[in-house]
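Based on the sequences and whatever the hints tell you, model everything.
Chains as they are written, first to last, in this note's numbering: chain A, 71 to 401; chain B, 198 to 475; chain C, 8 to 323.
You may find that some hints are simply not true.
[To be verified] Among the chain A residues that face chain C by a calculated CB cut under 10 Å, a handful are:
| no. | residue |
| --- | --- |
| 1 | Gly114 |
| 2 | Pro211 |
| 3 | Ala215 |
| 4 | His222 |
| 5 | Leu342 |
| 6 | Thr344 |
| 7 | Glu351 |
| 8 | Asp354 |
| 9 | Gly398 |
| 10 | Val399 |
[Said to hold, decoys possible] With beta-carbon atoms standing in for the labels, derived distance ranges:
| no. | chain 1 | residue 1 | chain 2 | residue 2 | range |
| --- | --- | --- | --- | --- | --- |
| 11 | A | Pro174 | C | His303 | 51 to 61 Å |
| 12 | C | Glu203 | A | Pro174 | 39 to 49 Å |
| 13 | C | Thr129 | A | Asp370 | 45 to 55 Å |
| 14 | A | Met148 | B | Trp302 | 53 to 63 Å |
| 15 | B | Leu325 | C | Ala27 | 56 to 66 Å |
| 16 | C | Arg12 | A | Asp385 | 58 to 68 Å |
[Said to hold, decoys possible] Every beta carbon over 12 Å from chain A, so not counted as near; a handful from chain C, in silico:
| no. | residue |
| --- | --- |
| 17 | Val32 |
| 18 | Asp41 |
| 19 | Ala188 |
| 20 | Asp218 |
| 21 | Leu322 |
Rather than coming from a laboratory, the hints here were simulated on the basis of the structure. Glycine is no exception: its CB is placed at the ideal position from the N, C-alpha and C atoms.
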Amino acid sequence: MAALLEVEDLHVTLETSRGPADAVRGVSFALERGETLGIVGESGCGKSMTALGLIGLLPERARTRGAVRLDGRDLLTMSEGELCGIRGNRIAMIFQEPMTSLNPVHPVGRQIAEPLMLHRGLNRAAAREEALRLLDRVGIPNPAARIDAYPHQMSGGQRQRVMIAIALSCNPDILLADEPTTALDVTIQGQILDLIRDLVDERGMSLILISHALGVIAENTRRMLVMYGGRVVESGPVGEVFGRMAHPYTRGLFAAIPRLGDGRARDRARPLATITGTVPELADMPPGCAFAPRCDLAVDACRLAQPPLLSIGHDHVAACIRTDHTVGVPA
Amino acid sequence: MSDWLARAVRHRSFMIGGILTFVLLALAFVSLFWTPNNPYRLNIRMRLKPPSLDYLLGTDAFGRDVVSQLMVGAQNSIVVGVIAVAIGLSLGVSLGLIGAARRGWLEELIMRFSDFTLAFPAVLSAILLTAIFGPGSLNSIVAIGIYNIPVFARLSRAAGNSIWARDFVTASRACGKGAFRITIEHVLPNIVPIIVVQATIQFAIAILAEAALSYLGLGTQPPTPSWGRMLNEAQTHVFTTPSLAIYPGLAIAFSVLGLNLLGDGLRDLIDPKLARQR
Amino acid sequence: MLSVRDLTRHFTLPREGLTAPPRHVYALNGVSFDLAAGRSLGIVGESGCGKSTLARIVMALDKPTAGRVELLGEDIAGLDARQLRARRRHFQMVFQDPYGSLDPRQQVGRIVGEPLDVLEPTSKAERRQRIAEALASVGLRPTDADKYPHEFSGGQRQRIAIARALITRPSLIVADEPVSALDVSVQAQVLNLLQELQDRFGVAYLFISHDLAVVEYVCDEVAVMYLGRIVEQGPTGRVLSRPYHPYTQALLDAVPRAAADARPRKVLQGNVGSQIKVATGCPFADRCPRVEGRCHDSVPPLRVVEEGHLAACHLA
Chain A
71 MAALLEVEDL
81 HVTLETSRGP
91 ADAVRGVSFA
101 LERGETLGIV
111 GESGCGKSMT
121 ALGLIGLLPE
131 RARTRGAVRL
141 DGRDLLTMSE
151 GELCGIRGNR
161 IAMIFQEPMT
171 SLNPVHPVGR
181 QIAEPLMLHR
191 GLNRAAAREE
201 ALRLLDRVGI
211 PNPAARIDAY
221 PHQMSGGQRQ
231 RVMIAIALSC
241 NPDILLADEP
251 TTALDVTIQG
261 QILDLIRDLV
271 DERGMSLILI
281 SHALGVIAEN
291 TRRMLVMYGG
301 RVVESGPVGE
311 VFGRMAHPYT
321 RGLFAAIPRL
331 GDGRARDRAR
341 PLATITGTVP
351 ELADMPPGCA
361 FAPRCDLAVD
371 ACRLAQPPLL
381 SIGHDHVAAC
391 IRTDHTVGVP
401 A
Chain B
198 MSDWLARAVR
208 HRSFMIGGIL
218 TFVLLALAFV
228 SLFWTPNNPY
238 RLNIRMRLKP
248 PSLDYLLGTD
258 AFGRDVVSQL
268 MVGAQNSIVV
278 GVIAVAIGLS
288 LGVSLGLIGA
298 ARRGWLEELI
308 MRFSDFTLAF
318 PAVLSAILLT
328 AIFGPGSLNS
338 IVAIGIYNIP
348 VFARLSRAAG
358 NSIWARDFVT
368 ASRACGKGAF
378 RITIEHVLPN
388 IVPIIVVQAT
398 IQFAIAILAE
408 AALSYLGLGT
418 QPPTPSWGRM
428 LNEAQTHVFT
438 TPSLAIYPGL
448 AIAFSVLGLN
458 LLGDGLRDLI
468 DPKLARQR
Chain C
8 MLSVRDLTRH
18 FTLPREGLTA
28 PPRHVYALNG
38 VSFDLAAGRS
48 LGIVGESGCG
58 KSTLARIVMA
68 LDKPTAGRVE
78 LLGEDIAGLD
88 ARQLRARRRH
98 FQMVFQDPYG
108 SLDPRQQVGR
118 IVGEPLDVLE
128 PTSKAERRQR
138 IAEALASVGL
148 RPTDADKYPH
158 EFSGGQRQRI
168 AIARALITRP
178 SLIVADEPVS
188 ALDVSVQAQV
198 LNLLQELQDR
208 FGVAYLFISH
218 DLAVVEYVCD
228 EVAVMYLGRI
238 VEQGPTGRVL
248 SRPYHPYTQA
258 LLDAVPRAAA
268 DARPRKVLQG
278 NVGSQIKVAT
288 GCPFADRCPR
298 VEGRCHDSVP
308 PLRVVEEGHL
318 AACHLA
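Here it is as structure tokens:
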């Protein structure tokens, strides 16, 4: 059976003041029903643009190339009208900042009820009833009292719960969460991630979770993609990737995070491992491997041509020709 | 900088506005040295003539050349606009910056003063002033200038407040800099773009207000040519020679349009974020 | 070197009506700690715990309602503007957002040299020399002084901000979430830089962060704050490996771990309580998994639970 969502060689080109910039440069992956996929990377790696490209919500002057097939139908060739039927209905989104994603002048109950009336054809009373049930499910205490509250009367965590309720309202097949907890406090972040994980299990939804934090991806998804410079540099099952990190960028990213209680604290002789330099600008991406200028292992071949995705283990691939120096070698 | 120019050339409303404004300025400038005919010379025999080679747009009821009057009228509009905007800009921006720097009762006072002044449109306060001091272009300039003060005061206070909230101002305070130095070194340079944009728009409004006052006979006095008074004088002949009303009308419309487009374009070019917020 | 005693800061909210009594935000409710020269103290807590208010008061950008902030033996909260200005060269600040903390219309040299303008007016040549030194110490080139902030990446901008804080050779740098806006790979560079600068110049850090791992890496001591109070304090290694306060435990447990054997976490329920109410009992009682009757009755004092390790919990 074909996968629920197939992304094939997706390219996104943005129109910037400095000319066209390739934000996403050939991303391919497949998502099975009920699967959870994490996309991890730093700012400008193209992870958010990939997500927006999937659902046709890119900035006005962006162009896409490739194919995004949902149950075999290509979303990229659909009209805006057809896409509207997909967005919110079959693919639902949660964004980073719940304050800006909610309309400040409408009570939250109405914002949950709206897609219910639109996509599921419920009448006003039934939609309100359903909204109450959803608010209760996402863990808003005393939903009957909160349904007429405005977004500004809620805390950041509660607003994100409301966003999740809206996303759930039409029983989507895929939940697309772009940094859903980055703006929240640590303890609230845990609550929201737990809620998302429970809901995904409970409803058999697929999840695409986008984050800059390796930890968030590790704990909440089963498969992961690591993106750098608009490309997937490594992908595979989470355990496999963390167990046998192959791409120097993945390894560098992992080594650069200070970890609690690893005995490194205050040991000045052993500073944190760093990746030298900075993320390249989209407009002047180097030819060949985008990570080569920052990579200790880079050889001439890395700078000449984009390395292909090579198999590292079961379902585990990395776009690096120097993996014989990385896999199994301690950092 | 070249990037800025490239964007400017591609920006349609900026280019159209720029060209219209340039034409306005050029006409006024040329008229300082040369006009096709003497705009002040009355010639009863030549009254209400249709366009000809000597009188490109014809003559008015007193036989004066319309083209020459329009050109000299442009001077008048520009002078009124520049001075009125300068009055509003200097006093308004100062008040606004003081308001932003000294939150509290002083800010309240300045803002309530602004509200009070804004309650009287330029034309109304000009009528008030002329009622007291008599008609004349000086009074109309002062009236329009006073009307501009609160506009700039509110704008620069709001923009200044947002700059005061930024971390680089806090950093500057942590260096022990006082409110005055922070205002001059950080706040003012950062709000200049917004003020420039507003100034072009206020310039357009000043031209419009001057035309309105002159039309009512409260602004520029004869014989100095003025677009507003040309409209007024054309009134009596509007059914026989409608073109006399159309030419100054178009001149006003194109100048105001040009300045507004220029302001919009500048806003987009200086700060794309600002344009999106609108 | 820095000694904070019983620091309290209440903000008055606008009245809701003419007859309504004014309400207060209790941002800080009696915070005390000491920081020795050349050491680092981490302040950890979630939004609304008062850590940013604390930073502003220590930087003398805000006045405390009550309490003392002694820097090098002097209460800076009691100084007038002129006296304060003379002391400001001893403490500087680094902000969270490297985009908002640098004036976009000034060149880097002018930004970095700004503290010198007021605090140590010098000749042009010496000023240029000092700016070049400060830039070099954070790993930037002297020629970068002529560029504008937008020509730099986030990590480099944060280096510029650190250079500005260093130029007066301060004894204390208050760093308010200095790496949380940066990418992971760049964050490590900046953290290493902060360590290196401390070793070289002996500057003390008051390091405010929500990220326990970052605090563990940078700080000798840590203070955990909740609703305007320090609930646990002590040497970083000990507090984070053997926390006494349930809130510290919850914070530690909430950190997602990047590892192959990721396991589900115990998650703290509820939201951070309101800063508007005055707590009669333990401020954490509403969310505490181990709450008892006495927790609602009296505020637990911050007391020694082990040598150098304090916790404010009845159960500790």
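Status of each hint after checking the structure:
Interface hint status for A/Gly114: upheld, as the beta-carbon distance to the closest one in chain C is roughly 8 Å, under 10 Å. A least Cβ separation of about 9 Å between A/Pro211 and chain C falls short of the 10 Å threshold, and the interface hint therefore holds. Using the Cβ-Cβ criterion of 10 Å, the hint placing A/Ala215 at the interface with chain C is not satisfied: the shortest such distance is roughly 16 Å. Annotation: interface hint on A/His222 violated; nearest CB of chain C at approximately 15 Å, more than 10 Å.
This hint holds: A/Leu342 has a C-beta 4 Å from the nearest C-beta of chain C, less than the 10 Å allowed. Annotation: interface hint on A/Thr344 holds; nearest CB of chain C at approximately 4 Å, less than 10 Å. Nearest Cβ of chain C to the Cβ of A/Glu351: about 9 Å, under the 10 Å cut. The hint holds. At about 13 Å, the closest approach between the beta carbon of A/Asp354 and any beta carbon in chain C exceeds 10 Å, and the interface hint on this residue is violated.
With a least beta-carbon distance of about 14 Å to chain C, the hint placing A/Gly398 at the interface is violated under the 10 Å criterion. Below 10 Å, beta-carbon pairs count as interface contacts, and A/Val399 has none with chain C, the closest being about 16 Å; its hint is therefore violated. Roughly 36 Å separates the CB atoms of A/Pro174 and C/His303, a value that falls outside the hinted 51 to 61 Å. For the pair C/Glu203 and A/Pro174, the supplied restraint of 39 to 49 Å holds, since their beta-carbon distance comes to about 45 Å.
For the pair C/Thr129 and A/Asp370, the supplied restraint of 45 to 55 Å holds, since their beta-carbon distance comes to about 49 Å. With their beta carbons about 59 Å apart, A/Met148 and B/Trp302 fall inside the hinted range of 53 to 63 Å. Separated by about 42 Å at the C-beta atoms, B/Leu325 and C/Ala27 break the suggested range of 56 to 66 Å. In this structure the supplied range 58 to 68 Å holds for C/Arg12 paired with A/Asp385, their Cβ-Cβ distance being about 59 Å.
At roughly 15 Å, the least C-beta separation between C/Val32 and chain A is larger than 12 Å, which holds for a residue marked as non-interface. Annotated as non-interface, C/Asp41 keeps its C-beta farther than 12 Å from every C-beta of chain A; the closest such distance is 18 Å. Not every beta carbon of chain A lies more than 12 Å from that of C/Ala188, the smallest distance being close to 10 Å; the non-interface claim is violated. At the 12 Å boundary, the C-beta of C/Asp218 falls inside the reach of chain A, the nearest C-beta of that chain being 8 Å off.
Every Cβ of chain A is farther than 12 Å from the Cβ of C/Leu322; the closest lies at roughly 19 Å, confirming the non-interface assignment.
In this structure, the hints that do not hold are numbers 3, 4, 8, 9, 10, 11, 15, 19 and 20, in rising order.
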